[in-house]
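Q: Residues per chain are reported as follows:
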Amino acid sequence: EAGVTQFPSHSVIEKGQTVTLRCDPISGHDNLYWYRRVMGKEIKFLLHFVKESKQDESGMPNNRFLAERTGGTYSTLKVQPAELEDSGVYFCASSQAFGLAGYNEQFFGPGTRLTVL
Amino acid sequence: AQKVTQAQTEISVVEKEDVTLDCVYETRDTTYYLFWYKQPPSGELVFLIRRNSFDEQNEISGRYSWNFQKSTSSFNFTITASQVVDSAVYFCALTSGSARQLTFGSGTQLTVLP
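Which chain is which? The protein sequence lines are A and B, in order. Mapping the first sequence onto the working numbering, position 6 (from 1) lands on 6, and the numbers just tick up by one. Mapping the second sequence onto the working numbering, position 42 (from 1) lands on 42, and the numbers just tick up by one.
Bear in mind the hints are in silico, worked out from the structure with no lab data behind them. Hints may contain errors.
[What the hints assert, rightly or not] Straight line, CA to CA, 27 Å or less: simulated DSSO-like cross-link-like pairs of lysine-lysine:
#	chain 1	residue 1	chain 2	residue 2
1	B	16	B	38
2	A	54	B	3
3	A	41	B	70
4	A	44	B	3
Produce the entire structure from the sequences given, and follow the hints as far as they go.
A: Here's what the structure looks like:
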């Protein structure tokens, strides 16, 4: 079974440009998360989808970030316009629907390293 | 509010030494889950273990063991007889209450020298 995949693996753009990151979760996983690690600091939560609905977007830094998950499958995260402080590694994770167990492990993708010059 | 502290930024050991990675957490919820993830040089985050707040039993998996102590709010990770392949960044994480997202510590870079 394929794991979580992310594209591209690396992206280098100039300040003011637009970048779109893509995440394909594990097939059948209803939950999809975006996280970001900036400059060697802790990994921080951005938002959480349940199927195509945004369950929690409290971690989105500002309105330059737009996430979508059309059809409840893959997700995109667009940064427009990009700023220097947006540089970091963007991780996507997915997990199965929550059941009686209360929590299911999140499986992470390899991340997209974004560099804004 | 939730918080995870990994005070050790970097640790370097020689192969076959034992090493313990510390993790201290904060949460006001009585139900919570703790995790350890490994990030090897290839970049992906690899799930290692999950522990819920009602299960304080320590766990051993091969050379890995975890010590969960609610009294000190700690969830420490020990690697016995370390190997070069254990070199990675290790993250401790927490989720609690109705939150579904993970709160991560800042990670500990472990380097195992041959």
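Q: Can you give the numbers of the hints that this structure goes against, from lowest to highest?
A: No numbers; nothing is violated.
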